[in-house]
Each structure stands twice: as structure tokens, then as C-alpha cells.
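**Student:** If you want the building blocks of each chain, they are given just below.
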Amino acid sequence: MLNYILKRVAQSGIVLLVVGLVAFSMFRFVGDPIDNMLGQERTVADIERLRSDLGLDLPFPVQYYKFLEGAVQGNFGVSYRQGRAVSEIIAERAPATLELAAVSGFLAISMGIILGVFTAIRRDGWASHLIMTVSLIGVSLPTFLIGILLIYVFSVDLGWLPSFGRGDVVDLGFWSTGFLTQSGLLALILPSITLGLYQMTLIMRLVRSEMLEVLRQDYIRFARARGLSERVVNFRHALKNTLVPVITVTGLQLGSIIAFAIITESVFQWPGLGLLFINAIQFVDIPVMAAYLMLISVMFVLINLIVDLLYVFVDPRLREGGI
Amino acid sequence: MTDISQNKPQSRIAAFWDSDLAYAFRHSPIAMVSFLTVFLLVFSALCAPLIAPFNPYDPASLDLMNGFTPPMTSNDFTGAEFMLGTDDQGRDVLSTILYGMRISLFVGFSAVMFAMILGISLGLIAGYIGGWTETIIMRIADVQLTFPSILVAMLIFGIAKGVTPIEYRDQMAIWVLIIAIGLSDWVQFARVVRGATLVEKNREYVLAAQLIGRSSPVIMLRHILPNVLSPVLVIATISLALAIIAEATLSFLGVGAPPTQPSLGTLIRIGQGFLFSGEWWILFFPSCTLLALALSVNLLGDWLRDALNPKLR
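Note that the protein sequences, when read in sequence, are chains R and Z. Residue numbers for the first sequence follow the working numbering, so the first one is 51 and each next one is one higher. Residue numbers for the second sequence follow the working numbering, so the first one is 14 and each next one is one higher.
Don't read these hints as lab results, they were simulated from the structure. Even for Gly, the Cβ is constructed at its ideal location relative to N, Cα and C. One thing to keep in mind: the hints can contain errors.
Derived CB-CB ranges, DEER-like [to be verified]:
(1) W225(R) x S229(Z): 56 to 66 Å
(2) L52(R) x D155(Z): 15 to 25 Å
(3) L352(R) x A305(Z): 36 to 46 Å
Modelling step: build the complete structure from the supplied sequences, incorporating the hints.
**Tutor:** Next comes the structure, spelled out in C-alpha cells:
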């Protein structure tokens, strides 16, 4: 098993190195950094000096190493557009995205499991059919349309909730939170529903099909025969055994929540990393794009790794088998 | 899996009508309705220059006085009437939707074609040749699969934008979009084709072809390819829905089709600006069109998957 863990960690490391190479190539070959940093009035001497200051005259592998060294220390250079250190901008924007992702993830998991169990137990009830039909439409609806629809209903028509921004945030020094003010919490509602809805439908459908599969098995029939109550059968026996695949998929979905936050943040003008990334693409701000790529890859690779390792701990068969 | 009835000498149309697929189609109202919707939308998009009341890209047909005309009412200044109203610049919303759908569908179809060709070729090569080639191709696929395809598409779009000179960016945007969405979507095709190829390459007909000395590319294209295509069809349909949504999303975010060649996503982006000022029709009609298109292609794909999957029958 140790062998397996080491192998997975090594694989993750290789993926990160490859992503790092892509990010570095973006820096090096997309647009000329010299062009981007020096104005129209420049001399050959200026160019040469900047070239050696930035280390662009060094051989490629040395530059790549230096880039990785900087990236590990959180140094991604200076944003072409804002003229500030990229790491500083990211540190400022990250809390907004992480809070949004956490709330949506919680929403998606809790509602997804509840609705999934419900539709599996009441398989032929009208409520289950309704939920399944709505979820099919929900999967086909692009995220941004859901966001616009919610804004139209709850902000424009009813005027209950704010349609953009984070509301008032409390600055804790290293972290700005929207959890502590009323306007901050109200501002979270629509974006987190928009972001979590798709993941919720996926988790719901998965829990439902796994649950239906498990409920057919013999040990459930025996549990019923033993006279255990429906609640114990459904939750203690059935739900517990559906959770293994649910953990895998849910874990992977948490990564996509952070990526899909780009769309939600753009609809709601949420001042997070996603909005930063989209603006960076629009203005070809390469350092910000590269930093975002590296950051999100680290997150994805870590999540994948944790899910894979968790899998071993959750499923005793894998532990005994010694993969 | 292969349909025997297609090999009979009777006419191909009759054979198709008798096939299991056509039978399942005739007995599924959802499939028929969604097929009809897709057909109507594609048809009206193809014939946009003939159907559309105006050419929204022709500056001569625009009259700023016509701006913000609500649907089915006559304009206060010019008295002109528009079925679905006009936008801020006096463009007929119906015409912009028809032309926008053309671009959405063109990008969607081309991106899926590109992803399909790339994925099928790499899948065939990986499955048939094996060894190091296979390892490298499938490793790349695994790594790419770790990231959501919309993120990959955005990144490719961003890089391509950085590489193209500023004066060509708007012109190139559509092609960049196709390549970005296509490259983000090839993995599914490659995986399925590789899996099927691994099964097929040990069959006797492949061995026979090898024995009579046919070259590997010929065996891959003429012998194996036709036998691995049926799952590809399902993925292609579902990919089309995803590609249309991906295109709309990118354009909505402002990193896709430029305002000079608006797709449905661009139109929704423009319409969102009028959400609070009450001109709902500029946003509402493009959104409904996109929804109808994505939903019906999706339903068709779901139906096709069930119809072609013998396990579910």
C-alpha cells in the first residue's frame, strides 16, 4: 500500500511539473515580456539590461528551474495590467472564491445526498419524478443562464437579494470574510446556488442510482426480514454502502466548483479569482494567467490525490488487497 | 452491435426504416420532438439570409431611431414593427438570433468534428500500435481529463489570443474558439476508440488483413474504424450539446465570438446589460433559443445512448 501511495504522489508531481512547463512556456513564448514591460521609447541597452535582469539570456532549462523556484515561493512576477505583484493580487482575491466554493460545495453535497436518498426511497412518487425531470433540465441549462434567471427573479422582480458583488466584508488582516455581515451573507445566496446547482444534480443522480443498486441486494432484504425499521435499513445499511463512489465523484467535483466559479463570478461580478482570470484572458495578462493555472493545478492534483488515498481508507477491500 | 439488416440488398432507406434504431425512434415521442426542434433550428440557421427580415451586419439596414422597440409593437418614431423587438442599436432581435445561431452551430459542429478527427486518430493509433505511443497519448489524455474542459478551452483561447497579432484577433476569434473547444474535448473520443480498437485488433478479420500484407494505416482506417464508430456517434451528439454550451459560455464571458460576429452567447452577454432597465426581450429570446437548442440536442444524445446500448433494452 505504501508503494501505491508513493506511486500516486510521484505521478502527481509529474503532472505538476508538466503544468509548470506549460505555464512557463506561456511566460516565455506568448508575447515578449520585454515588449510588455518597456514602453515605446527604449534603447537597445535598456532591452539588454532588462533581458539580463529578468534572466532571459540564460539557457532554457535554467530559466525553467528559476521559474519553478519562484513559483514554489509564491513569486509569479508582476501583472502586466495592474503593475502589482501577482501573488499579492491573488492573496487579495482568494478568500472571495474560497468562501463561495465552500458554501456551494456544502450546499451541493448536503442537498444532493438528501434529494438522492429521497428519490431512491420514493422511487415512483410524483415528487421524485418531478425532481428527476427538473434535474434533467438543470443539467442542460448553462450555468450563466441559471445565474441570470435567479438575478431576474430575486433581484429585478422581487428585489430581495443583491445581484452583484460581495456586500460588506470584514477584514481579518489576512482574510476578508463576508460571513460576518448581513449584506455579505445575503450576497452569497444567489451565487452559491448558481454554482452549486449543477454539482448538486450530479451528486443527486449518483446517490440515487447507487442507492437503487444497493437496495436490490440480499443483505438489505435480510435486514428487512430481521424486522429492522425502514429508517435503520435505509440510512445505516444502504446509505453507508453507497458512499464510496459518492466520495470519489464528490471530491473531484469540488475541484470543478473552483473552476466553474469563473462563470458564476463573472455573472455576479464576484471579486474572486475566477473574475481575475477572465479579465486576465481578455487583456492577455500572461503572468496572472500562468499563476492561476499553477494554483488551480495544485488544487486539482491535491484533491485527486486525497480522493485516491481516501478511497483506500474507506474501502476495506482495497486495503487488504494491497494494490 | 453491427446492424445486419444494412447488408441486405434491399434499398437503404427501407433497410434503415426497418432497423432497430428507427423503430426505437418511431416509438419515442421525446426523440421525435427533440429531433424536430434540432432540425427546425438548424434549418432556420442555415437559411438565415433567406428567412431573416434584416441583415443585422449590414449598416445600411440599421436605424438608430428603431432602437429598443418592444416585440410586436410599432416604434414611436418610425412606426416600424419587429416580431421580437430590437436592441439598443435598432437591430432586429429575430435576425440577430438567426445569424447568431449560425455562428453557434458552426462553431459547435466544427469543434466536435475537430475533436472527433483528433480523438479517433489518436485513439486508433494508441489502440492499434500500443507500446510507448499508447502510454504517451493516454497519459496526456489522463492529465487533461483532470481539468474541466471549459477551463482548458479558456486557457487555449487565452494563449492563442496572446499569440495572434492585435489586428487579426477579431477575425481569428471564431477559428481560435473552434480549436480551443475541439482540443478540450478530444479525450472522450480517444478513450472510447482506443478501448474498442483493443478489442477489434485481435479479431480474425484484422489478422487476415495483416496476413495479406495490408499496411497499418489501411487496416486502421478501412477495417477497424467502421467497427468502432457506433459508440462514437453517441459521444459526438452529447459533445455537440456540450460544445454549443461551451461556446455560449465562452462568448458570454467575453472570451469567445467578438461583438462583430455575435453568437447566441454574445447576444446574451449584450442582453444582460439591459436586464435592469426593462428591455427584457433583448435577453429573453436569445436565451430561449440557446436553451431549446442545448436541451433538444442533449435529449437526442441521451435517447441515442439508450437506443444503441443493448444492455438497457
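**Student:** Are L352(R) and A305(Z) spaced within 36 to 46 Å by their CB atoms?
**Tutor:** This hint holds: roughly 40 Å between Cβ atoms.
**Student:** Is the gap between the beta carbons of L52(R) and D155(Z) within 15 to 25 Å?
**Tutor:** Distance hint for L52(R), D155(Z) holds at roughly 23 Å.
**Student:** Is the distance from the Cβ of W225(R) to the Cβ of S229(Z) consistent with 56 to 66 Å?
**Tutor:** Cβ of W225(R) to Cβ of S229(Z): about 59 Å, so the range 56 to 66 Å holds.
Every hint from the earlier list agrees with this structure, and none is contradicted.
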